[in-house]
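**Q** If you want the building blocks of each chain, they are given just below.
2 protein chains.
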Amino acid sequence: MSLIVQKYGGTSVKDVERIRNVARRVVATREAGHRVAVVVSAMAGETDALVRLAQEAGGPDPDPREYDVLVSTGEQKTIALLAMAIQRLGHAARSFTGAQIGMRTDTSHTRARIQSIDARHILDTLDEGTVAVIAGFQGVDDDGNVTTLGRGGSDTSAVAVAAAVHADVCEIYTDVDGVYTTDPNLVPAARKLSKISFDEMLEMASLGAKVLQIRSVKFAMQYGVPIHVRSSFSDVEGTWVVREEDAMEGLVVSGVTYNRNEAKIRLRGVKDQPGVAARLFGPLGEAGIVVDMIVQNVGQDGSTDITFTVPRTDYRKALEIAERAGVEIGAAAVAGDEGIAKVSVVGLGMKDHAGVASRMFRVLADEGINIQLISTSEIKISVLIEAKYTELAVRALHAAFVEAGAAEPRAES
Amino acid sequence: MSLIVQKYGGTSVKDVERIRNVARRVVATREAGHRVAVVVSAMAGETDALVRLAQEAGGPDPDPREYDVLVSTGEQKTIALLAMAIQRLGHAARSFTGAQIGMRTDTSHTRARIQSIDARHILDTLDEGTVAVIAGFQGVDDDGNVTTLGRGGSDTSAVAVAAAVHADVCEIYTDVDGVYTTDPNLVPAARKLSKISFDEMLEMASLGAKVLQIRSVKFAMQYGVPIHVRSSFSDVEGTWVVREEDAMEGLVVSGVTYNRNEAKIRLRGVKDQPGVAARLFGPLGEAGIVVDMIVQNVGQDGSTDITFTVPRTDYRKALEIAERAGVEIGAAAVAGDEGIAKVSVVGLGMKDHAGVASRMFRVLADEGINIQLISTSEIKISVLIEAKYTELAVRALHAAFVEAGAAEPRAES
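Order-wise, the sequence lines are chains B and P.
Under our numbering, think of the first position of the first sequence as 1, with each following residue one higher.
Under our numbering, think of the first position of the second sequence as 1, with each following residue one higher.
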């Protein structure tokens with residue numbers, strides 16, 4: 001008998017028919033002899049509708065405390081409906097809001113961070129054979145104010161619950177059946193990974209694979225909670241996200257990802273002296289703009305080029321800030337480009353296999369694709385290219401690394 | 001400077017435009033120098049939509065605990081939206097769920113009774129110049145489970161809050177501008193009462209005047225909270241519901257009410273012996289049927305007739321039960337009639353004015369209306385008549401007692 005935490009996202013509970021489907025899955029798990037806690041999101045569309053109401057009533061920037069009171073009703077609806085649907089199938093179920101399981105967070109409304117969970121209520125409920133149905137995405141601060149974790153926070157709630165009750169697995173049900181080596185819409189040869197390490201998943205998630213929320217993966221890694229990403233519409237095994245030593249799939253590269261939602265800004269001919277970077281990135285940070293890649297090259301004349309990328313939604317604002325900073329720090333020119341894409345290869349095996357970078361650059365060169373920017377981590381190489389080459393680059397890299405490399409054993413770590 | 005509790009019902013907050021209207025009223029009250037706590041219902045239609053969802057997910061009889069978790073989200077939405085709308089007008093506001101103000105109730109889900117309120121949070125909020133926006137209709141039991149007070153419970157919440165914070169007045173905003181001497185749709189001469197006593201309001205409320213929820217009036221009477229019933233769409237004074245000694249309007253009869261939602265059941269020729277009534281009304285009570293009027297006449301032959309009325313929605317069920325009981329207790333015949341109406345005159349002045357009953361019967365006789373059943377209390381006389389005479393009876397009684405009696409001074413009590 002295992003203790004299983006299951007998490008169902010908005011599309012899996014988007015109407016009562018789907019909630020009934022979820023209830024059947026939960027009941028099947030109970031009947032297989034397991035203890036089950038379920039974490040749910042708001043019904044798909046519900047949160048968006050609530051956000052629209054908030055803006056109608058409170059203007060473009062509604063009070064964050066009240067915003068949280070409002071949007072947290074979405075998950076509260078789902079827990080009650082799912083508990084009812086499970087009961088209707090003849091099984092005991094009991095709903096819990098964030099407050100009711102003592103999901104304590106800090107006071108950062110709309111993007112609160114989980115601090116602790118009172119596991120006692122959940123465990124008592126599970127021990128008496130009752131399914132615990134828990135509202136994701138929400139918590140309370142020390143003063144009893146309702147908080148929310150921000151978009152995608154339900155994944156994090158689920159992993160936090162799983163960590164608190166020492167679950168054997170946290171199953172994340174979604175509308176895809178696992179984590180793929182790349183976007184199957186782009187590359188028909190993309191295949192589902194049976195296992196992936198937390199580190200790889202983190203790189204994949206932050207690079208644009210929308211399957212799991214990044215914070216939930218960090219949380220799972222920190223507490224060693226195995227995650228099983230799977231489809232709520234089929235029974236096939238999905239992808240397990242596990243510790244590195246348990247993630248032996250024998251691939252040098254586990255995935256090829258891309259992100260077309262960034263834009264590039266370049267400052268040329270900046271004097272290479274201390275404090276230049278701070279005077280550029282300070283104001284960007286203050287404006288709440290998250291800078292992704294940063295590359296700086298020092299030329300022979302003592303001047304330097306700084307290039308960086310930002311989310312495309314922040315592009316205009318970032319360009320303005322860069323132009324002002326450019327004047328201050330004496331840049332020769334400031335230019336931006338929205339027509340770019342970031343393509344990355346990710347894999348634990350890179351740690352032990354030399355030559356992945358050079359092979360990647362060769363593959364792109366063979367396709368006539370120019371590389372504008374390169375950034376690397378221990379298990380990832382990202383390049384910035386012209387956006388129109390995105391599909392070509394992804395297909396070529398997937399063919400070279402994943403399809404060709406499928407048989408290539410990964411060195412033991 | 002007064003401390004004012006304002007309560008706005010579902011139609012007053014049915015969309016964001018109306019919520020903004022409420023915010024303007026609240027702000028006007030603040031700017032007049034008063035401290036304000038606001039109690040709100042769910043947006044009109046919201047609770048019905050949630051009940052439909054509950055039945056879809058949980059069947060015709062969804063689990064009451066989960067039902068309360070679900071429907072309580074309605075008021076939670078409103079408090080957040082109203083707090084935002086008030087803030088947008090430049091005033092401080094802070095929302096509170098039932099749990100957050102410690103609105104403790106018993107554990108009777110869907111029809112819980114208020115036990116206590118922790119006034120501290122509300123008073124602290126008001127003292128710092130912030131408007132407290134409180135979810136009506138909901139509370140928590142001792143174990144932190146969400147409870148609801150049943151339909152119309154928001155009035156009761158408002159009065160309970162007013163009692164807890166020792167408010168100067170509890171203003172109940174609704175879509176009519178006060179309590180009328182009778183239904184203005186039936187009788188154009190109906191006029192708004194400027195004052196009415198708690199006792200009279202209780203009789204009016206339970207007789208079908210839909211303005212105030214009965215339990216809220218009982219609560220207000222018990223704690224001596226003056227209620228001011230008024231329109232959320234105009235600024236005119238409404239009707240004050242106050243203690244008897246403060247309710248001197250000089251009318252013998254304050255109102256004429258009617259109820260067409262009952263049905264009559266009669267058992268003839270029942271043996272007049274102990275236990276007969278219990279064997280009839282016991283099963284009706286067990287079936288949850290609320291019996292209103294009961295009249296029993298003992299004939300000379302030692303047999304008796306029992307006649308009673310029930311809500312029309314329970315008529316079929318009640319008739320079946322009466323027929324079974326009739327067999328047991330040897331009734332000669334059991335017959336029902338849905339074509340009846342109850343018409344009542346209500347007034348504190350009846351205590352001191354003899355002859356109201358005989359005058360009432362004469363008025364009805366003059367119109368050729370036959371009286372089927374009579375039931376009286378200290379300040380009320382109700383008669384059962386054929387439904388088709390309802391309008392005629394109400395108009396005649398209003399003309400005789402209210403229009404004619406407007407100048408008649410009421411005896412001091």
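Heads up, a few of these hints could be off.
Any copy will do: because identical chains look the same in the list, a pair fits if it lies in one copy or spans two.
Below, a list of computed lysine to any residue pairs in the SDA-like style, where the Cα atoms sit at most 25 Å apart [said to hold, decoys possible]: (1) Lys-14 <-> Val-51; (2) Lys-192 <-> Gly-269; (3) Lys-195 <-> Val-291; (4) Lys-210 <-> Glu-237; (5) Lys-14 <-> Asp-61; (6) Lys-14 <-> Ala-49; (7) Lys-14 <-> Ala-44; (8) Lys-271 <-> Ser-231; (9) Lys-218 <-> Val-276; (10) Lys-14 <-> Glu-56; (11) Lys-317 <-> Glu-378; (12) Lys-271 <-> Ala-189; (13) Lys-14 <-> Gln-55; (14) Lys-14 <-> Gly-45; (15) Lys-14 <-> Asn-297; (16) Lys-14 <-> Asp-48; (17) Lys-388 <-> Thr-130.
Simulated from the structure, these hints should not be mistaken for laboratory data.
**Q** What are the numbers of the hints the structure violates, in ascending order?
**A** 2, 3, 8, 9, 11, 12, 15 and 17
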